[in-house]
Amino acid sequence: MNHSDPTGGTGQVSTSAYTYGGAGADYSDPTLVEAVGGEAMEREISVEETAQMLAAEAANAQMGPSGVEGTAETQLPAQPIPGQPVIPLPPHIPLPMRPVSGRYRSPASSFQLELRVDVDGRRPMRRVSGDFYQISGATTNYFGSFIVNSPAVSVGPAAVTIRGLGEYTFAAGAPVVQVTIPRRNIARPPAPATVQFFSTSGAPGTSYHCPFESAYFRTVRLETDCVSDVGTPVFSSYNTGSLPSGGPARTLSVVSAFAEAGIQMLPTAGGDVIHIGEAGDARWSDAELHASMERHFTLWRDLPQWAVWLLVAQLHEYGPGLLGIMFDQRGRQRQGCAVFHAGLGGVTPQKLREQLFTYVHELGHCFNLLHSWQKALATPPGTNRPNALSWMNYPWRYPLGGEAAFWAAFPFQFDDGELVHLRHAFRNRIIMGGNDFAVGAGLEDTSFLATPLRDVSGLRLEISGPKSLALGEPVVLKLSLSLADGAAKTVHPHLHPNLGAVQVAIRKPDGRVVAYDPIIDHCMGRAETQIGPGEAIEDSAYIGYGHDGFYFDQAGIYQIRAIYPALDGSQVASNILSLRVRHPVTAAEEELAELFFGEAQGMLLALLGSDAESLAGGVKAFEEVLAKHGKHPMANYARLVLGVNAAREFKTITPETETRLAVRRPKAEESAQLLSAAIQSGLLDPITQTMAMTRLADCQASLGDEKAAAETRDKLARQAARKAAAAAR
Amino acid sequence: MTNLHIALHDGFRNDTVVITVNGREVYRRTDVTTNLAISRADASDVAVEEGEVRVEVEVPTRNLRAAITLDATQKPYLAVEITEQGSLALSPSATPFRYM
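Residue numbers (this note's numbering), protein chains in the order written: chain A, 1 to 729; chain B, 1 to 100.
Careful, some of the hints might be misleading.
[What the hints assert, rightly or not] The following residues of chain B were derived to be distant from chain A, with all beta-carbon distances above 10 angstroms:
(1) Asn14
(2) Val26
(3) Asn35
(4) Arg40
(5) Val46
(6) Glu50
(7) Gly51
(8) Glu52
(9) Ile68
(10) Thr73
(11) Gln85
(12) Leu90
(13) Phe97
(14) Arg98
(15) Met100
[As the list claims (entries may be wrong)] What follows is a set of in silico ranges between Cβ atoms, one per label pair, in the way DEER data are often shown:
(16) A/Glu624 to B/Leu90: 42 to 48 angstroms
(17) B/Leu90 to A/Gln719: 39 to 45 angstroms
(18) A/Ala259 to B/Arg24: 37 to 43 angstroms
(19) B/Leu90 to A/Arg123: 37 to 43 angstroms
These are calculated hints, taken from the structure and not from any lab test. Using N, Cα and C, we set each Cβ at its ideal position, and we do this for glycine too.
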């Protein structure tokens, strides 16, 4: 066993044979799992496989329609016995198949794998995820987690196979996950899952045999205590049909509301009655709540664990308007929350509905779920969903008609992004006492790259850029906002991610999704503009370097998606841009990558040059690029950075002058020379090209070369006219 | 006199906030930060004359400023929020704010 990588990415041979070839149809819709018994080929298959499939079909024919196993009796041939009356057999009633979704766990070995399969059953999220635990002697430590966000699901008569590239909390050598689960009818116990990891080149890594553990994806112990001055009953259950709602009528408790999400809440010993004296003046502060939790929460430990405390209290110091709070935001956070009956108490249907909502909402925060309209404030940021009909919204903030409209449509459930988080978030992002509140609260953020289920915003955001780049080459994204339908709309024009509105997610070659975090945030005031049919707002943005350093610092395939927050709260998702960063092949390419990858160079690319002393090393590196690799296309990026900076007047604070200000005048000649070459290279995106040409014309004019300036401006005008003509077409 | 309840909601992060009512400074705090668990950063109750009052809110840490004239008798609750687009929004209300 390779102790540094539980996927066995260093080439470890599988410990159990991979037995199912995945030759079945690829049904991306997991609701078809139960319905489909046949197979459709998605690749050429060998004769051996054909034989296997024929055998499977023959077995299938014996078993009954749709691959459903029959009983032993129905499989016997109906042969009449001479002299005996023929008694017709009862009609064959096939037993339904078990869903395969749920939680599986491998036996304790060097590594133990907890596997969560989510491809059928209630609201399948079409994902597989897992947590690794490293076992060493008598100690068990959490090692890391993975998730497969877009698996292919193949359904055969004998087994379900789920396969896809995982995202990991660690560098996995064998990141491709394949889960195989034999099909069983409901008369038989659930089958174990076999998990086989593969490298991206197809070499098998480790495999795990994981017996079925539970139909729930997670199990959490819930302890509920009550304060002595609460004068109304602690919430028990509410019939969602008591008042108009958006879902089927059913009786829901806190436990069953989470059960519907696939989370098992196990009520544990608790039931303490806490004396109100612990709150001092009968109004609870967060500090008092925290102290009370440490004293009364039987299961409380200063470590991450699947246990949570819910306190039913009367009044918080913020007054009766505070209905509940996840107060545990220091130390190991999210282990406790409280609800307040000063605002919630009562037994009318409205009050019971509000109690159910608030109890579930606060516990949702303990699972690290943010409010529906605040998902973008998570680290990394998620996608705001202010219109979500979710436990995590505020009914009175519902943008599509306010509180009454919310309740009339609310189906009493979490939204899809939240379900993904609850079922599949990396363990430390969700377990109580794990990551701080809002840190890693957005595993749903990986669905940033998933196509929205519904988008009627009327807007279209398109991103484009080069398909292939050399390692180290600056990544510039072009963003374009236009109408998706015919009606003119009011929009804000802030497309550049540095302006704080548009977010950009980048999926790296190792599967990790990171958010582009610009080194400088420009806070923009509110601005609105009209966008009409055939019109577009465009911008381009360098996204290669940000707070996290270089985002495209390894060779491989990257995926990029941007989200534009519209004025009505819609989150308009762009297309996904795929971009390949090439391995350096020659020594020159290798050296160029080195010269471009310094921190100072990243800053200079983001700022388009600077005289700052701290960035002098970057300037030197770019000068070296020009001196040693001047004919290489990448040298034109260095020319652009140095040329734009040379064109500007640059002020620095200095103690050496009376005004304490040193002003470097524009170096027009140097700038014109550098920018001319960069522009002629044809390497720049159209928006950067326009900017560079404008600067060039200014330089030429300041040098007194009016003819050259006029020619450059002419070219600019012709470009603009061509663009306008193309847009009109 | 009547009470005007001014509540700072979403969007604050280590910000300085200054509020004046009818030209009188009634609130000045630094390091104002929204508690994401309840979407509330802070609140202040101000005694004001009945009828129309002018409230000005400034967030110098973000170079933001906004003002509103409201009838504090009709709408004695004022929510202040920094929006997703980075602007200040002032929303008067006739009913108390709720949080969870």
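What hint numbers does the structure not satisfy? The structure conflicts with hints 3, 4, 11, 13, 14, 15, 16 and 18, although it agrees with all the remaining ones.
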